[in-house]
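I would like the entire structure built from these sequences, with the hints used as guidance.
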Amino acid sequence: MSMEDYDFLFKIVLIGNAGVGKTCLVRRFTQGLFPPGQGATIGVDFMIKTVEIKGEKIKLQIWDTAGQERFRSITQSYYRSANALILTYDITCEESFRCLPEWLREIEQYANSEVITVLVGNKIDLAERREVSQQRAEEFAGTQNMYYLETSAKESDNVEKLFLDLACRLISEARQNALVNNVDSSLPGEGKSITYLNCCNFN
Amino acid sequence: MANSLGFQGDGGSVLSMEHVRSLTDLQDLKEAYERLCAEEKDVESELLTLLGQQTIVEKKMLALQRMGPNLQLIEGDAQQLSGMITFTCNLAENVSSKVRQLDLAKSRLYQAIQRADDILDLKFCMDGVQTAMKNEDYEQAAAHIHRYLCLDKSVIELSRQGKEGNIIEANLHHLQEAEQHLKVVVSEKFDAATKSGDLPQVERFFKIFPLLGLHEEGISKFSGYLCKQVAKKAEENLQLALGTEGGERRAALIFADTLTLLFEGIARIVETHQPILETYYGPGRLYMLIKHLQAECDRQVEKVVDKFVQHRDYHRKFQQVQSCMMRGSSTDKIEPRDLDPILSEVTLMSARTELYLRFIKRRVVSDFEVGDSMATEEVKQEHLQNLDKLIKHCLLSCSVQELIGYYITMEEFYMRESVNKAVAMDTCERGQLISSMVDDVFYIVKKCIGRALSSSSIDCLCAMINLSTTMLESDFREVLCNKLRMGFPATTFQDIQRGVTSAVNLMQSSLQQGKFDTKGIESNDEAKMSFLVSLNNVEVCSENIMTLKKNLENDCNKMFSQGLGGEQAKAKIDSCLSDMASVSNKFKDLLQEGLGELNSTAVKPQVKPWINLFLSVSHNIEEEEFNDYEANDPWVQQFIVNLEQLMAEFKAGLSSVIYENLTSLLTSLIAMELEKVVLKSTFSRLGGLQFDKELRSLIAYLTTVTTWTIRDKFARLTQMATILNLERVTEILDYWGPNSGPLTWRLTPAEVRQVLALRIDFRSEDIKRLRL
Numbered sequence: 001m002s003m004e005d006y007d008f009l010f011k012i013v014l015i016g017n018a019g020v021g022k023t024c025l026v027r028r029f030t031q032g033l034f035p036p037g038q039g040a041t042i043g044v045d046f047m048i049k050t051v052e053i054k055g056e057k058i059k060l061q062i063w064d065t066a067g068q069e070r071f072r073s074i075t076q077s078y079y080r081s082a083n084a085l086i087l088t089y090d091i092t093c094e095e096s097f098r099c100l101p102e103w104l105r106e107i108e109q110y111a112n113s114e115v116i117t118v119l120v121g122n123k124i125d126l127a128e129r130r131e132v133s134q135q136r137a138e139e140f141a142g143t144q145n146m147y148y149l150e151t152s153a154k155e156s157d158n159v160e161k162l163f164l165d166l167a168c169r170l171i172s173e174a175r176q177n178a179l180v181n182n183v184d185s186s187l188p189g190e191g192k193s194i195t196y197l198n199c200c201n202f203n
Numbered sequence: 001m002a003n004s005l006g007f008q009g010d011g012g013s014v015l016s017m018e019h020v021r022s023l024t025d026l027q028d029l030k031e032a033y034e035r036l037c038a039e040e041k042d043v044e045s046e047l048l049t050l051l052g053q054q055t056i057v058e059k060k061m062l063a064l065q066r067m068g069p070n071l072q073l074i075e076g077d078a079q080q081l082s083g084m085i086t087f088t089c090n091l092a093e094n095v096s097s098k099v100r101q102l103d104l105a106k107s108r109l110y111q112a113i114q115r116a117d118d119i120l121d122l123k124f125c126m127d128g129v130q131t132a133m134k135n136e137d138y139e140q141a142a143a144h145i146h147r148y149l150c151l152d153k154s155v156i157e158l159s160r161q162g163k164e165g166n167i168i169e170a171n172l173h174h175l176q177e178a179e180q181h182l183k184v185v186v187s188e189k190f191d192a193a194t195k196s197g198d199l200p201q202v203e204r205f206f207k208i209f210p211l212l213g214l215h216e217e218g219i220s221k222f223s224g225y226l227c228k229q230v231a232k233k234a235e236e237n238l239q240l241a242l243g244t245e246g247g248e249r250r251a252a253l254i255f256a257d258t259l260t261l262l263f264e265g266i267a268r269i270v271e272t273h274q275p276i277l278e279t280y281y282g283p284g285r286l287y288m289l290i291k292h293l294q295a296e297c298d299r300q301v302e303k304v305v306d307k308f309v310q311h312r313d314y315h316r317k318f319q320q321v322q323s324c325m326m327r328g329s330s331t332d333k334i335e336p337r338d339l340d341p342i343l344s345e346v347t348l349m350s351a352r353t354e355l356y357l358r359f360i361k362r363r364v365v366s367d368f369e370v371g372d373s374m375a376t377e378e379v380k381q382e383h384l385q386n387l388d389k390l391i392k393h394c395l396l397s398c399s400v401q402e403l404i405g406y407y408i409t410m411e412e413f414y415m416r417e418s419v420n421k422a423v424a425m426d427t428c429e430r431g432q433l434i435s436s437m438v439d440d441v442f443y444i445v446k447k448c449i450g451r452a453l454s455s456s457s458i459d460c461l462c463a464m465i466n467l468s469t470t471m472l473e474s475d476f477r478e479v480l481c482n483k484l485r486m487g488f489p490a491t492t493f494q495d496i497q498r499g500v501t502s503a504v505n506l507m508q509s510s511l512q513q514g515k516f517d518t519k520g521i522e523s524n525d526e527a528k529m530s531f532l533v534s535l536n537n538v539e540v541c542s543e544n545i546m547t548l549k550k551n552l553e554n555d556c557n558k559m560f561s562q563g564l565g566g567e568q569a570k571a572k573i574d575s576c577l578s579d580m581a582s583v584s585n586k587f588k589d590l591l592q593e594g595l596g597e598l599n600s601t602a603v604k605p606q607v608k609p610w611i612n613l614f615l616s617v618s619h620n621i622e623e624e625e626f627n628d629y630e631a632n633d634p635w636v637q638q639f640i641v642n643l644e645q646l647m648a649e650f651k652a653g654l655s656s657v658i659y660e661n662l663t664s665l666l667t668s669l670i671a672m673e674l675e676k677v678v679l680k681s682t683f684s685r686l687g688g689l690q691f692d693k694e695l696r697s698l699i700a701y702l703t704t705v706t707t708w709t710i711r712d713k714f715a716r717l718t719q720m721a722t723i724l725n726l727e728r729v730t731e732i733l734d735y736w737g738p739n740s741g742p743l744t745w746r747l748t749p750a751e752v753r754q755v756l757a758l759r760i761d762f763r764s765e766d767i768k769r770l771r772l
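Residue numbers (UniProt numbering), protein chains in the order written: chain A, 1 to 203; chain B, 1 to 772.
I should point out that these hints are in silico values taken from the structure, not numbers from a laboratory.
Heads up, the beta-carbon is just placed ideally off N, CA and C, and yes, glycines get one too.
Just to be clear, a hint being listed does not mean it is correct.
[Said to hold, decoys possible] Just a few of them, taken from the derived set where beta-carbon distance is under 10 angstroms, the chain B residues facing chain A:
(1) Phe87
(2) Asp388
(3) Lys389
(4) Glu402
(5) Leu403
(6) Glu412
(7) Ile458
(8) Asp459
(9) Cys460
(10) Cys462
(11) Asn466
(12) Glu473
(13) Ala571
(14) Lys572
(15) Cys576
[Unchecked claim] Distance condition first, Cα-Cα at most 30 angstroms in a straight line; then the derived DSSO-like pairs of lysine-lysine:
(16) A/Lys57 <-> B/Lys570
(17) B/Lys549 <-> A/Lys49
(18) B/Lys303 <-> A/Lys49
(19) B/Lys380 <-> B/Lys291
(20) B/Lys389 <-> A/Lys49
(21) A/Lys59 <-> B/Lys570
(22) B/Lys549 <-> A/Lys11
(23) B/Lys588 <-> A/Lys59
(24) B/Lys549 <-> A/Lys59
(25) B/Lys570 <-> A/Lys49
(26) A/Lys49 <-> B/Lys550
(27) A/Lys49 <-> A/Lys59
(28) B/Lys588 <-> A/Lys11
(29) B/Lys233 <-> B/Lys303
(30) B/Lys588 <-> A/Lys57
(31) A/Lys11 <-> B/Lys446
Laid out in structure tokens, this is it:
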């Protein structure tokens, strides 16, 4: 299974209140669909999409989680292995915005420290019913060091951009990590004896 | 012929007059004349033949004149024939139109007969209904009504307009009244039968509803009856459950059992009544029945779950667990073992629910398949979606999802606490390579994931796999990491070699350690063992994780083969399991780190001085010393003995895989260090020979302790020995370049010169002159 044809594999987990459109975002991106009248997600759903960026194949494993409270312990178990989290709220629903700090606490508690978090305000096709201004959301995202994007899964606005930008950032992050790792961890065992040898020659 | 004649006559002859006139030469004239004569002859003979044909032509003309009257006769006949044909045609058309009219008349007649039959039927129905009603033969009455309902409405309309319209009108009125009356009666009788619990009567009237076109009402009424039975039975079972004594055999699972009984009851109802439903209501109607039954099921489940939560203190336990996990407070500590029964019960409840819902789904889907065989794709999809929604979002599903949500947190707590305990109680028996906690931890993880698996909920299983992965990767790995970080203490053996002063130090330190021991600090030996055991632990962990993964894969395949979960579920589990496998690699990395540590702190500081002793043994020797060395080995034998002692400890304390790894590191180290001291020494011819002997013994020894091939690691040293053994400087050329044969030189030309220079009897000019 590990010999599949891709250069990078990233896990992206979507979280946020129930009914903010997480499933629709995932469906729109992975299948190009906007299924209306979608029932609430049960547990977690799992989709894969391979994209190509600058000639490299990126496999995105997208975990669409249920927003309802009773699935929290299931969804939380996925945070730690996530490379990126997409924290979603509904711009026409103040409540879903007000819950964001609570979600951030969860991320703090369960996700790994290198995770990239993106804040997404969904449903901009319903602009006339907007309850959370873009400026307010941007300010909030700024204080939390999050990238912010507004999307419409229905109109397919910014959906592609959301995932592709995220993939780009994940690639550059992965490259940086690889670099750091190469510098500070000499190969265990034999590698260390070589450095030892060098100091001996010095004496 | 006439043409050619005409042509010739037209111009008179082939030769025109002008041409003749223009002739001046006699010869030409003669020629012309002859040609004209010949022409004349031809014409004459032609004329004769034409004249000879005259009589034949005249005869033919005569015959023609005689045929004239005959032709007039034929014309008259032809006209007569045409007239006859036209007449016949008209006649035929006349006939066929009459046939058409007859046909129409006939079909109208049939319709009339049909209608008359219908009207008769209607009448028969009217009479029949009334007598049947009088006789309380409701089946018969319903059959009549059914017949009436099947009749063409226009027939009834038409028959009203007939002569006997009034009578029919009255009869129809009766019939409709009878229909209404029958509906009411059947409903009443059904309700009465329901109330008295008279199943045959219930079924009797249940069969009548579809005859009256009341499919939905029939199903809903019947469901109502069935629901009441379900409720009654469930109530009894719940009361029984609540009355169960704590000591009884299945007391710990009593709520799961109650739920099971409820599901089994409903399943039995479906089994028993599906055939009647299908026979009298047609296929595709099971969904309606299930929908009603599920509503009752939900009501009963709610009660059972409420009682479960209340009696088992489920929510309070969850909150306790949660606060323990959040703060790690020990004020209200829960003993993980105390959670065992409740965790088992919840997973059993979930498993039964999954089984029941799968049964329901299978039944309804196959019923839809028959019922919707002629339906459009859209209708089929809609039906299946409705079913899906019913199953996914019914209260039963939600309640169990909620229970499982709490369960996962509690199971995680159970796992963490048990693992903490296993780590705290970690012991290692003498002679054991690994300590107790490795087996204990994997036993716990296996148990917890196994329990999650037994819930039959894919999401629950995945969550527990994830949580186990997290626990192993961060917490448990951290424990082993910390043990390794304490390091491997330098050996006492080494100190003895350093002489008496260190021996004094050793005594002092062991005295101190004796003091410290009482304070609970491990002695040197224990610390060493602990380090080696930790290394073994790490290796076994990485193996155990792979075994765990493989076993889980098998278990999941078994589950899938029983029809649980689909492609989606499979992909989810695969992904979670592959995360688990990557943790195995992290343990492998940790093992390598630990080995590196061991090599640099315990092996290298000892081995280096032993190798440095090589420098104190002169290799600039003559025959006499060489023989002396032969008798009393100056270095290599002792070195080998030392190595053997050093490695004996590791061989005993490390698993074979790790020991292999360590010896591999050791041989690399020896090769490298030995090379250094050789380059610091000087050699005579016999000294070179001595080194060659020493190297051979060393390689021979190391070959016996490793299974890896070590020749490669010693290739450079072997080549150096070869060089140091040469007779003359130029002899190197027999082995170099094109003469090297199968030998691959690991030494660069500069290094070859450097080694040659170690021989005191080789002149540096000769070495410089070498062309390598």
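(message) Does B/Cys462 hold up as a contact with chain A if the rule is Cβ-Cβ below 10 angstroms?
(response) holds (7 angstroms)
(request) Would you check whether B/Cys576 satisfies its interface hint, that is, whether its CB is within less than 10 angstroms of any CB in chain A? (result) Hint holds; B/Cys576 Cβ to chain A Cβ min 9 angstroms, cut 10 angstroms.
(message) Does A/Lys11 sit within 30 angstroms of B/Lys588, going by the straight-line distance between their CA atoms?
(response) Holds. B/Lys588 to A/Lys11 sits at ~23 angstroms (cutoff 30 angstroms).
(message) Would the hint linking B/Lys380 and B/Lys291 be met if the CA-CA limit is 30 angstroms?
(response) OK: B/Lys380 and B/Lys291 at ~17 angstroms, within 30 angstroms.
(request) Mind checking the CB of B/Phe87 against every CB in chain A and telling me if the closest is under 10 angstroms? (result) Violated, about 76 angstroms.
(request) Take the C-alpha atoms of B/Lys549 and A/Lys49, compute the straight-line distance between them, and say whether it is at most 30 angstroms. (result) holds (25 angstroms)
(request) With a cut-off of 10 angstroms on the beta carbons, see whether B/Ala571 makes it to chain A. (result) OK, holds: B/Ala571 within 10 angstroms of chain A, min 6 angstroms.
(message) So if I understand the rule, the pair passes when the alpha-carbon distance is 30 angstroms or less; does B/Lys233 with B/Lys303 pass?
(response) holds (13 angstroms)
(message) Just to be careful, I want the Cα atoms of B/Lys303 and A/Lys49 compared with a cutoff of 30 angstroms; is the pair within it?
(response) violated (44 angstroms)
(message) Hint check: B/Lys588 vs A/Lys57, CA-CA at most 30 angstroms. Holds or violated?
(response) At roughly 28 angstroms apart (the allowed maximum being 30 angstroms), A/Lys57 and B/Lys588 satisfy the hint.
(request) Tell me if B/Glu412 is really an interface residue toward chain A, meaning its C-beta lies closer than 10 angstroms to one of theirs. (result) holds (8 angstroms)
(message) Next pair to validate is A/Lys11 with B/Lys446; report whether the Cα-Cα distance is within 30 angstroms.
(response) Given that 30 angstroms is the threshold and the Cα spacing comes to 26 angstroms, the pair holds.
Violated hints, in rising order: 1, 18; the structure is consistent with all others.
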